[in-house]
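Visitor: Chain residues, written in single-letter form:
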Amino acid sequence: MAKTITKENFKEIVLQSDKPVLVDFWAAWCRPCQMLGPIVEQLASEVDGLAVVGKVNVDEQPELANEFRIMSIPTILVFKNGKLAGNTVGVRQKDELRRLLGV
Amino acid sequence: MYDTIVIGSGPAGITAAIYLKRSNKNVLVISKPGGAMAHDTLIDNYYGFPGGVTGAQLLDLGIKQAKDLGIEVISEEVIAIDKLTDFSVITSKHTFESKTVILATGKARQTLKIKGFNQFKGKGISFCVTCDGFFFRQKKLALVGYNDYMLHELKDMEYLTNDITIFTNGHELTVDVNYPVVKDIITEIKGDEFGVTHILTADTHYDVQGIFVALGTPSAADFATRIGAVVENGNLIVDQDYQTNVEGLFACGDAIGGVLQITKASNDGMQTAISLKKYLKSKTA
Chain R
428 MAKTITKENF
438 KEIVLQSDKP
448 VLVDFWAAWC
458 RPCQMLGPIV
468 EQLASEVDGL
478 AVVGKVNVDE
488 QPELANEFRI
498 MSIPTILVFK
508 NGKLAGNTVG
518 VRQKDELRRL
528 LGV
Chain L
47 MYDTIVIGSG
57 PAGITAAIYL
67 KRSNKNVLVI
77 SKPGGAMAHD
87 TLIDNYYGFP
97 GGVTGAQLLD
107 LGIKQAKDLG
117 IEVISEEVIA
127 IDKLTDFSVI
137 TSKHTFESKT
147 VILATGKARQ
157 TLKIKGFNQF
167 KGKGISFCVT
177 CDGFFFRQKK
187 LALVGYNDYM
197 LHELKDMEYL
207 TNDITIFTNG
217 HELTVDVNYP
227 VVKDIITEIK
237 GDEFGVTHIL
247 TADTHYDVQG
257 IFVALGTPSA
267 ADFATRIGAV
277 VENGNLIVDQ
287 DYQTNVEGLF
297 ACGDAIGGVL
307 QITKASNDGM
317 QTAISLKKYL
327 KSKTA
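Listed in order, the protein sequences are those of chains R and L.
FYI, in my numbering the residues of the first sequence are 428 to 530.
FYI, in my numbering the residues of the second sequence are 47 to 331.
Chain L with its partners taken away, still in its complex shape (with noise of 0.2 angstroms):
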């Protein structure tokens, strides 16, 4: 059991871990490589840096720092977080439990340009089968994905029908699945006052009854939103501890919005790290 699982490796969430680390905090580092940071082709707005210095060095300079101090940093894609009275954090090979979760993931800049797309979004269209799955039992569903985090969903859908196709929307396909799969861009998403009916490409129409989304690497507000966490137009809600309303649940960086700079994001790390102490102290108080 971790006191904290740290998710990303950018300032806020490195940050983050060394201050834990350094107050004898069991932390765990999981992040996937690449994040905004990494296309920073120079930084020359940053401390310490005269002359500047690359998005993808400062990131491998931060994580370097925080291995020396002894801090596990793990390269695997989180796929669900999910809490009971601790965290249980799933990535594509393991599950992690801690007592504590920092989202620190940056903001997700992903988004389905699809016409239609927002029009249905609630109405037919979910991001969320555990959430929402209840309202398309025995229909006939698309799953929009084509990795483990599709096949994370896709395992829950199998209680809901048989009937589902994948559409991965462009991108070949990481996993192996047992059901149709449409590798043809979606071109637009259609239906009518009772929700989506169809999904088309550049040349068939497919009859739907239900669309399910789990494209690319779900993001903060992806895992947040399904826990009960406040979002707000992608960013997550925090109090002045860095805390969500989910108790133990805590979030800083570019994932709870506000000016999008390294500098901004390892303040939240540190405020967060601070606050998450008291919280661990309160909890053993």
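One chain only, chain R, in its complex shape (with noise of 0.2 angstroms):
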């Protein structure tokens, strides 16, 4: 399953992770973003040991948000050795978010 993101858990899960992290910024409004919704969390599951897939809410998170100057949700960041590896906007296929993930 999908983490739930946090400002307070975001370094120990995104950066300090030892894995690559793909982490959705969404909101429960966003049409596109109910769409994402379920195919990240079937990553998740298949990715499950090799990555980690973790979930931002904007509305509950938005330093977060800001920081990455997220614009646009669905918005996907890929972190690989705490540093920002890959992006993409908008609905994916869960296939090509597994070759960002690079796993």
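Just so you know, the hints here were simulated from the structure itself, not pulled from any lab data.
Nothing false has been slipped in among the hints.
Below, a list of computed lysine-lysine pairs in the DSS-like style, where the Cα atoms sit at most 25 angstroms apart: (1) L:Lys167 with R:Lys510; (2) L:Lys161 with L:Lys185; (3) R:Lys507 with L:Lys169; (4) L:Lys167 with R:Lys521; (5) R:Lys510 with L:Lys169; (6) L:Lys310 with L:Lys113; (7) L:Lys323 with L:Lys71; (8) L:Lys145 with L:Lys129; (9) R:Lys521 with L:Lys169; (10) R:Lys434 with L:Lys169; (11) R:Lys507 with R:Lys446.
These stretches of chain L come out as covered by chain R in the derived footprint (C-beta under 8 angstroms, 3 or more residues): (12) 176 to 182; (13) 275 to 285.
Beta carbons: idealized from backbone N, C-alpha and C, even for Gly.
Using the hints, build the complex out of the two chains.
Guide: Right, here's the structure in full:
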């Protein structure tokens, strides 16, 4: 299951992870985000143990949305070794997200 | 409540409508005149037309065939599609309800060729007020457009801010608005690491913090993106049943890519009709 990421746990879950991390910035009112949600969850179970998949609710975590200059949702960011390594905007297929993760 | 609303009256849309109507489905076709085929001066590789046929003739024949079968075909511009359980298809004049929608609008060939446009897409330039408006509350915003589609987006933008300027990018405004209007052609979009900062025309720099684009006629990809369907390189992604990842939303013809040929489009339309019938049956079973 995708992890809920907050500004409190961001460092630990995302930046200090020794596995690639995919973060889905979303909101409950965003229709495309609702469609991407199940795809991200499927990916989370598929890559369990190989990579980390998390979700940031931009309504609840405006600081994180600001920090990464999110201006369109859903936005997917991928982090590797604590650094931003990829991004994509809009609903994407699971295989494409997995390619971004590189696992 | 229609069983399906087909958007687009080219070979994909009309073929789907004909097959569905012949299976006693309640079908509405909505389309705007034109489309890629209308510009084909002579099609001489299509079955059954020795000597060729013009695109416009073939389109007219298709629409006539549909109407003769009792299919309702209306000429209105679709400006939005919404989905709760069922679909609402909104035109400049009406809202129609249906169980399913087939997007057969062809391939959008219109993009904004402006310096800086691609660079700031998703970084201050957005195509969807209801998706991204949240990030632009109380900002100084530009809306690029000139018609009913623009007006539809403007209504959603008014919840965000009153500081809106309309840029028609050289087009004549076809609707009334109570905001400043710039009719000059946009020459460049400038910005910095935080997003867009300026719209440039030949002789003026306009300060902006966000740009929404609703120019011309929305394409299948525009509708699909808002509902949450997967779009890659301007093509809608469908499964083997011509269904997108949004339940009940089907797409066929040029809108899904592949060879941009009439024979392929009408085959798509037939396959979509067959899948859609199965889908409707599974919903009532």
